[in-house]
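A.B. asks: Okay, here's what each chain looks like letter by letter:
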Amino acid sequence: MNPTYLVLEIRRTFRARRSYLLTLVLPPVVLSVVGVTQPELVVSVALYGAILAVTGCGAGVAAERAQGWTRQLRLTPLRPGAYAATKVLAAMVLGALSIVVTLALGAARGVDLPPAVWLGCALACWVVSAPFAALGLFAGYLLRVEAVTRVLSPVVTLLAAAGGLFVPLDGALGQSARLLPTWGAGELARAPLTTGIDAGAVANVVLWTLVLVAAAAWRFRRDTARV
Amino acid sequence: MTPAQETHPPALDVRGLVKEFHGREVVRAVDGLDLRVARGEVVAFLGPNGAGKTTTIDLALGLARPTAGTVRVLGQAPADAVAAGRVAAVMQTGGLLRDLTVGETVRLTAALFGTGHDVRASLERAGIADLERRRVGRCSGGQQQRLRFAMALVSEPDLLFLDEPTTGMDVMGRRDFWSAVRADAARGRTVVFATHYLDEAELYADRVVVVSRGRVVADGTAAQIKDAAGVRTLEDAFVRLTSAVGTSAGGAR
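Note that the protein sequences, when read in sequence, are chains A and B. Following the UniProt record's numbering, the numbering of the first sequence begins with 1 at its first residue and continues without gaps. Following the UniProt record's numbering, the numbering of the second sequence begins with 1 at its first residue and continues without gaps.
The hints are simulated quantities; they were obtained by calculation from the structure and are not laboratory data. Every residue gets a Cβ at the ideal spot worked out from N, C-alpha and C, and that includes glycine. One or more hints might be untrue.
[To be verified] Partial list, derived from the structure: chain A residues whose beta carbon lies under 10 Å from chain B:
{"id": "1", "residue": "Y5"}
{"id": "2", "residue": "R12"}
{"id": "3", "residue": "A16"}
[What the hints assert, rightly or not] With the Cβ distance kept under 7 Å, some of the chain A side facing chain B (calculated, not the full set):
{"id": "4", "residue": "Y20"}
{"id": "5", "residue": "L75"}
{"id": "6", "residue": "T76"}
{"id": "7", "residue": "L78"}
{"id": "8", "residue": "T224"}
{"id": "9", "residue": "V227"}
Using the sequences and the accompanying hints, generate a full structural model.
C.D. replies: Shown next as structure tokens:
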């Protein structure tokens, strides 16, 4: 990994106003729509913003493949894996900012938690959002940039809703939610608010991380293989 | 042969190179190509579309794997020579991020090759030092091509490939680009360029290599190639050489 490239990539993330504003604005809007009273919902929506941000690396990858930038990089010592890692880390910086913005809005609206719990939730959100970068990479190495930008945010939003990040789900919906990656991530992100960690949620996160990383690695290898 | 050439491996050493693409049918883009380029030579690589020029360059840059045969670049495997910055390339299109500035692009390229590379010198030699703060997306086609040239110069490569570098440029853009390349080649860099402009081959190359259907069909100075074909212009020689193969199975080569 190259530090100059990483710094430049982070600066580029904040130059693409349209995409980063969406990431920073959408979660507060969702928060206003669902109405804030419970800390659980604030944390869930913060996680949603972080997932939006980290999957955003996929659009960048798709665009840069189309522009021949990834090919250009192959004429340098930078390895394709380091390129992907750079894209993911830059997206995770945006994800961290999104989490801070959403949690700060929650606090401003009267959600009262001890600082250690706020910090724990913020870190938990950030960590469990990371595997979704693999979903972004998978899409970025699979699809054209137009398709990635059109598909990824709606898919993430749908996963967030169906995984119970916006409103708690009961009955059959609640049962099916447990199968989605957003459910496990949500449970772990909210863990600092409760006592104890759900073993089912841990299993969910571990399994989905494996699936998403395997999918991303498959497309990544396909794309970077010398033919 | 001078002592330097005996002790140093050639800049480019291509032997029996074959590259097939397997799609609905098998396409043999490169079909037993042999080529040696000594250090310091400026070689024009001519051929009609689909002759295998770009595929050969891709193989020499380690971007693709040969089906058969070998490519050695400065005595090394292509991917190793690329990673060491000893070989670089200017592609026809793409390879740039439009939202970066010219200076950022070259500084990033330099950073990827490690420390100690002179960004300013690369910009100056490519003739774009005054464009350092301009966004890549706001540069003209010719300026973007000189930016690609500056990026290629950053690692001080011994061998430089230019793949149809002036396609789509206006006359002034082409002239500026070639004067930058010529000034640079005068310092001893080996340059191999593919082009469709025969005047560029005649003006700027020490040696002209004509490929057709994945093979070398003529190799020499522009004058030698015209003489051998018995024609007065390089264009006539080119037409004769590249249409002779393939018009009939038993055609002259």
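A.B. asks: Each hint should be assessed against the structure and marked as holding or not.
C.D. replies: Now for the hints, and whether the structure bears them out:
1. About 6 Å separates the beta-carbon of A:Y5 from the nearest beta-carbon of chain B, less than 10 Å, and the hint is met.
2. Hint on A:R12 holds. Least Cβ distance to chain B is approximately 6 Å, under the 10 Å limit.
3. The closest approach between the C-beta of A:A16 and any C-beta of chain B is roughly 7 Å, which is under the 10 Å cut-off, so the hint is satisfied.
4. A distance limit of 7 Å between C-beta atoms decides the matter here; for A:Y20 the minimum to chain B is near 13 Å, and the interface restraint is violated.
5. At its closest, the beta carbon of A:L75 sits 6 Å from a beta carbon of chain B; the interface hint therefore holds under the 7 Å criterion.
6. The interface hint given for A:T76 holds, since its Cβ lies 4 Å from the closest Cβ of chain B, which is under the 7 Å cut-off.
7. The interface hint given for A:L78 is met, as the beta carbon of that residue sits about 5 Å from the closest beta carbon of chain B, less than 7 Å.
8. Nearest Cβ of chain B to the Cβ of A:T224: about 11 Å, over the 7 Å cut. The hint is violated.
9. The criterion of a C-beta within 7 Å of any C-beta in chain B is met by A:V227, whose closest approach is roughly 6 Å, and the hint holds.
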